[in-house]
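Sequence lines, in order, name chains A and B. Read in order, the letters of the first sequence are residues 17 to 789 in our numbering. Read in order, the letters of the second sequence are residues 305 to 749 in our numbering.
Bear in mind the hints are in silico, worked out from the structure with no lab data behind them. Everything numeric in this text was worked out from a predicted model, so none of it was measured. Glycine included, each C-beta is placed from N, C-alpha and C at the ideal position. One or more of the hints may lead you astray.
Unchecked claim - Label pairs and their computed distance ranges (CB to CB): (1) A/239 to B/515: 36 to 44 Å; (2) B/334 to A/635: 53 to 61 Å; (3) A/490 to B/604: 54 to 62 Å; (4) A/449 to B/515: 29 to 37 Å.
Unchecked claim - Calculated cross-link-like contacts (lysine to aspartate or glutamate; reagent style DMTMM-like; alpha-carbon spacing at most 25 Å): (5) A/175 to B/511; (6) A/469 to B/511; (7) A/474 to B/466; (8) A/450 to B/565; (9) A/469 to B/558.
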Amino acid sequence: MENVRAIRELPKYEGRFLPFPGWVHPKIRAVLERRGIRNLYSHQAEAVDLIRRGRDVVLTTPTASGKTLCYNLPVLQQMLESPETRALYLFPTKALAQDQMHEIQGLIRELQADIKTYTYDGDTPDDARQAVRKQGNVVVTNPDMLHTGILPHHTKWQKLFTNLSFVVIDELHVYRGVFGSHLTNVLRRLRRICRFYGREPVFICCSATVANSLEHAERLTERRMALVDSSGAPAASKTFMLFNPPVVNRELGIRQSALAPARKMAADFVENGIQTILFTTSRLNVEILTKYLKDHFGRGKPVDDMFIAGYRGGYLPSLRRRIERGLRERDVIGVVSTNALELGIDIGDLEACIMVGYPGSIASTWQQAGRAGRRTGHSVAVLIARSNPMDQFIAENPDYFFSRSPEHCRVNPDNLLILLHHLKSAAFELPFEKGERFGVADIEELLDYLQEKGVLHKVDDRWHWAAESYPADEVSLRSVNPENVVVVDTTEAGQHRVIAEVDWDSAFTTVHDNAIYMVESQQYHVDKLDLERRKAYVRKVDVDYFTDAMTYTNVRVIDSFDVRRGHNAIVEHGEVQVVRKVVGYKKIKFYTSENVGYGDVNLPERDMHTTSYWFTVPKDLLDRLPYTRAELIDGLSGLAYSLHHIASVLLMADIRDTGRCVGDKSGEWYVRHTAGGRFITSGRAGEFQPDAVQMDAFDPTLFIYDAYPGGIGFSDLLFKLHDRMLCSARNLIRQCPCASGCPSCVGPVLEVGARAKEVALAIIELIEMKDLS
Amino acid sequence: MSTIDRLRRLTGEEKPEQKKGADDLRIGELRRRIEQIMERRPARQMSSVVSHARPEAGDLREIAEGEEISTPYGKIFVAFDRIPAGHFHGLRRIGEIARLDMRKAAILAGHSVISRYNCGSALFIDTETTGLSGGTGTLAFLVGLGWYEGEHFIIRQLFARDFAEERALLSFLTETAKDKSFLVSFNGRAFDVGLLATRFILNRMDDSLSPLPHIDLLYPSRRILGHRLENCRLSTLEEEVLGVRRRNDIPGSEIPQRYFDWLRTRDVRLMADVLEHNRLDVISMASLIVHLCDLLSFHRVPEEIEHSDVLAAARLCLERGEENHSMCLYEALARVNNKAAALEAKKQLSMIHKRAGRWAEAVRLWEEMIECDPSHVFTLTELAKWCEHRAGDLNRAARFVLRALDSIGSEYPLQRELLLHRLERLRRRIKKREGEMAYSSSFTY
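Just chain A, with the same shape it has in the complex (with noise of 0.2 Å):
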């Protein structure tokens, strides 16, 4: 039990009802009854009584609360009183616009009205879009096809902007980050068209809990919204435990897989018929685990199919609707499956959920947790830590966990880029009128800029779009960078295929020449990285070793926007340069990591101007220090690991949306991993200066930036978390059972060197120390 590293037990929650208001329809209002729904839960009462009075509204209550219910009410309300009102409904995924499509349906068949309900998205076949676009009350879709697909054509959407009185945008946490600065974006497009027709459509967002709920739905709508957080809905009594596995090999910090607690338990739960959905956070994970599981109930024999299920992006829709009913018919007793199975589908009441790994969030802990146990009667969640930082963390520091979600949703939808991208795709939408706003920023320069660039035409104080291209195909909401690099397979000469695809800045360190590339666990050479091209041959090999790209990253200061003192270290925020390169790869031997060798690398730098949070610690404050020039570097660079690590956790944000970097200001010193260990160098790419370690001209300074050109706001709330960020790390690394630096802190110690975790450590102590006479 001593991997249990706390139990908590939720106590059951009554509920708190109010009756439907006095203007719901008598028709809805026996729909309703006829499912038992007599009452609303208080938040459902509260918030359709603020959308009817038309106000925006953001709701952020517990899985299962009936949120749905809050919009869904209103809405058909409305189309009862006038049949020719438009809703439209914005979900993230395909499967979340479907299962809301049947629900509303379901709701609509059984009030017998004339309202038709329509998903909108790439699956929508040609012969279907017109009567969607004229016939379609409640038009279900999701940002890109927003993006892409509505506004450039509102005029065939005519009937639906000229009546849109709602627009729903469901699992708004979710838009956060680039994505969410995309939406940002798209809806000022929506706002803008919807001003042409005439129409100011009322918000409402749904949201799982995060720290600024109210905050991140005003800043994706820009508009004044109401919160509604307080759930009167039941809640039944549940267990929630983290599970940290034992350390198996105490010198590297090791741990045993995640894996396979998570099959003993799993396997002890669905045995005693107690129906179990396992999380796992890699689509490879949910074919494992099921297989396993499907392996322990067959012993050799056929068990039947559904038993046991995989879930997960890639299987074929009827596959997914056909695990979803055996889950709420309970022929399914456990489901393995990624995060498509935390947002909102309706998978009934399950009594266990087992979460392979911490999903990224606190707020997607408790999403997931939310599946298990959503009326009946007591339910358990477990949570089992793998060795990465950020499970670490949270497996260690379980009042962090269990005090309420200290995550921030952060978007940037000003980034110029973004921004850029979308005012081309406004602007060919409708013409910019002078003095016209898009959100806040000041677009007059700008679009004199896209004039300069031949992109819009301006005559009598109106741009126009002038270019023959469609501009909403120039940019994906999703991904930071657009472009692909595709993996060709040559092993059979005339028979080349494609394996798999890689996203641009991946390429750079998975790809390069004489990479070892892995699909499903097969090893492919790569014999060239086109990347005019955009291609990466490869064949098939069978080496016992696969490679590890090594990189050099520099940043540069341009412009500090703020500066405070954090105890002894100067700690800053502003706008910088970051040169990345790949240098080359070290060849690592399976099962013993030895390295069996190294090769060169000759690719471009990458350059990209950025917004980054960094602090400096003064060298002669340094020197104080026991220790050697490279150990101390040893210890920067393992404190930037974990740093980064908490950053992420804190941001709420994946671990590539940031970068780090040890270096100093002027980006002329850095720290270089090479060959032969680690150095503060300096000059630019291909200039090798191993002698020119010097710690009298290094002013060391620890960066961690924003990974996506312009910034998307990261680097303001890294500055002023920074005491926060400083006081978890060392925690972290003090709590860490490893004798000198694991993945789980510093880093791996052949990465990081033998004394970083102490060096760390020490480095942290002394920024803190109060008297430094």
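Using the hints, position chain B against chain A.
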């Protein structure tokens, strides 16, 4: 730091001071491109009407006869042309449109109401746009209109010299369309009219075109002529069917860029090719509709006509529910010397009779066909079916099937299989009947 400087840094552009030079470079490049375009094309023949006015430099009247016209929404430039009835456009005289058979035109459109109008109420329309991608950001800057009036084909080309003139263009378009009853276009149903509908909405004006009946010539052209052409572009139809040769025609794909260049330089020479291209498109539509209607109208098919076009035309008529028209065409074709075409026509005709239960006519055709080609598998099979199911002559049916089996090539295994199956069944039935007869005759004895 200014927003634009930040933007330039983000996008990796050069510094503004270098940029100024780059701008000059771009304009210079544009000028050079214009000069090259002008060198390529020979000096355009200006009609004598143009020269009497002394246009100022940069006046569109340098390149086309026309004038600036005022509308309640502002001014536009409208180019005029009047083509006399006797003028040849390729192989046809433009005046042939006067004798257009409106019933045939209605078949082309699949819209019977058109048969009630006359050719003078047709409005031919073709637009030039700033892009082909569709969506709200594409402007129709030039709308070419044509109609037949008083022994002349009249052309009006409405040109928006800038985005600001669009409303004037649309209002003039609506005024012109008021007197007309239906539209003729080439791919206008999917493209031009849809695009103009968007522009009307964007300018908060009533869409005057969408409610009009519409003959989109693309679809019938593809059905009737497409089978022998590489593609069904208007330019291909001109060359292969209408006998029109364009010289120095601007490719359609270059037109948007020409307009953008015009917006920046106002060099009228840039628009000359575009106006001419559009003008010829409108005239060609007039020739094309006459040609297509002719293909629907033969009582006697001349030998020089592509018989396969007439076959395709007959098929289109049938598809549009015009069985009598279709039969007329097939009957005309059945009389031509081209054996294959005549056989095919008779085959189709026989099937129409068969479906209608006019067996005598069908059998007469099959007998003619078998005389013409004794090993025609289709005919032999149909005759076998008729003998078996209608005439009750099983032995004769079996003989037809045997002949068909002799004639059919080994490359049709499935048909062969079906014939063998039919033969088997016929033999069984013959045997059974013989047995019955033997039985009944034995009874008599």
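Handout entry: Non-conforming hints, listed in increasing numerical order
Key = 6
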